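Go ahead and model the full structure; you've got the sequences and the hints to work with.
All residue numbers for the sequence shown refer to my numbering, where the first residue is 152 and numbers rise by one.
If you are wondering where the hints come from, they were derived from the structure by calculation, not from laboratory data.
These numbers were taken from a predicted model, which means no experiment stands behind them.
Certain hints may be false.
As the list claims (entries may be wrong) - Using 30 angstroms as the maximum straight-line C-alpha spacing, the simulated DSBU-like pairs for lysine-lysine come out as follows:
| # | residue 1 | residue 2 |
| --- | --- | --- |
| 1 | 468 | 439 |
| 2 | 210 | 296 |
| 3 | 174 | 439 |
| 4 | 381 | 439 |
| 5 | 256 | 498 |
| 6 | 205 | 252 |
| 7 | 233 | 174 |
| 8 | 498 | 252 |
| 9 | 174 | 408 |
| 10 | 296 | 205 |
| 11 | 434 | 468 |
| 12 | 176 | 381 |
| 13 | 210 | 256 |
| 14 | 439 | 176 |
| 15 | 535 | 549 |
| 16 | 439 | 382 |
| 17 | 382 | 179 |
As the list claims (entries may be wrong) - Simulated restraints, written as ranges between beta carbons of each label pair:
| # | residue 1 | residue 2 | range |
| --- | --- | --- | --- |
| 18 | 312 | 575 | 49 to 55 angstroms |
| 19 | 400 | 503 | 33 to 39 angstroms |
| 20 | 435 | 172 | 25 to 31 angstroms |
For each residue, glycine too, the CB sits at the ideal point set by N, CA and C.
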Amino acid sequence: MEIFNDVKPEVTGEFRFGCEISKWKDWKWQLKNSVKSVDAFERLMGIEIPTEEKALMEKTIERFPMSVTPYYLSLIDSANYKNDPVFKQSFANINELTVLKTDMKDPLSEDTDSPVEGITHRYPDRVLFHVSNICSMYCRHCTRKRKVGDVDSIPNKAQLLKGIEYIRNTPQVRDVLLSGGDPLMLSDSYLDWLLSEITAIPHVQVVRIGTRMPVVLPYRITNDLIDVLKKYHPLWINTHFNHPREITSSSREALAKLANAGFPLGNQSVLLADVNDCPRIMKELVHKLVQNRVRPYYLYQCDLSEGLAHFRTPVGKGIEIMESLIGHTSGFAVPTYVIDAPGGGGKIPAMPNYIISWSTNKVVLRNYEGVITTYTEPENYAAKFCDRNCKDCNLDLKLDEPDEQKGIGIEKLLSDYSNTISLIPDDNERYNRRDNDV
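Here it is, written out as structure tokens:
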């Protein structure tokens with residue numbers, strides 16, 4: 152680790168080192184100086200961890216490596232580090248070595264649902280494309296802990312081309328999610344090549360990138376990266392903020408760059424025991440997200456991956472949090488609470504029940520306040536039996552985009568959308584003669 156001066160880039164916590172601000176904001180410098188040992192953590196934070204506790208941490212690191220960017224480490228409150236949400240998400244815990252009989256190496260069956268290397272095809276019209284097994288930081292709650300520390304496993308172009316070829320040969324795929332690891336660990340030029348290959352496939356309508364860079368290494372969101380990504384609209388970006396303390400001036404700047412470049416931003420949080428399992432914390436998080444133009448997308452129930460038992464909450468805790476959000480804040484600030492079904496069943500919404508009862512003519516509902524009301528069903532709705540015979544259906548199934556306007560007369564000649572160069576009366580003798588000569 153390099154020698155630092157007294158600059159404190161982030162005000163949170165009592166960080167014992169700094170550096171020239173130009174270096175601190177260099178994302179490659181951050182990666183080079185990632186903290187990977189308990190000794191380095193103690194030295195940099197000015198903390199002395201009890202010997203027995205330190206031994207347990209080091210034992211955990213032997214199984215699940217640790218790597219924390221200096222930026223993310225600087226957010227830890229050194230005076231209360233054991234209860235700090237950043238510390239708990241980034242620092243080794245002996246409980247990670249506890250494997251329950253219900254835990255699984257690959258709980259979502261991503262490897263089983265992989266038709267070719269790098270591709271997980273679970274849903275009909277979209278695929279997940281694993282383009283990197285490396286992250287800028289190893290989150291302790293990672294569902295892919297089986298792959299953590301595979302530092303030599305960024306796929307080469309030949310490997311990625313297998314996935315691209317699968318997408319090209321599977322026309323029902325309209326949505327490609329780039330995941331990992333973290334796709335933004337790839338160089339700008341490599342990302343440029345990858346996105347150019349995927350977006351050149353005619354049936355791919357949208358590409359998404361799942362990244363935690365705005366959270367743990369916001370300096371990766373450089374102007375050069377933005378210039379590359381902007382070439383491939385529509386491109387959607389999902390972030391992974393779990394706690395309000397992760398939203399700093401640096402992360403806000405990174406999010407602003409992405410939003411200003413036109414990328415729709417979403418956030419996927421994981422419900423973590425003793426980190427964010429609190430209605431007050433989650434409400435503050437979603438409010439800070441929407442302030443920064445990030446739509447709360449999913450709140451995940453923690454997966455059944457090996458070593459995550461200490462992070463898991465009862466599903467009831469998630470329902471309680473959703474009850475505190477629905478009706479109590481803006482609808483666009485409310486994520487969908489989901490359980491990613493073990494065995495590869497996909498995301499299952501687990502939301503509060505607002506339908507109390509249902510009869511032929513009425514639905515009995517309750518609102519967020521507990522008010523019970525009724526909705527009367529329509530009396531004249533004729534049930535439609537769909538036999539999938541679309542050509543005889545009376546619905547308008549012309550699904551292509553209609554022309555926004557069809558000018559006539561001089562307006563048509565003046566327009567840019569029409570190639571018409573002249574208006575000819577039907578009884579024009581000269582044109583009739585042309586037609587007769589054909």
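Inset, instruction - Report the numbers of all earlier hints that the structure fails to satisfy, in ascending order. - result: Per hint list: zero violations.
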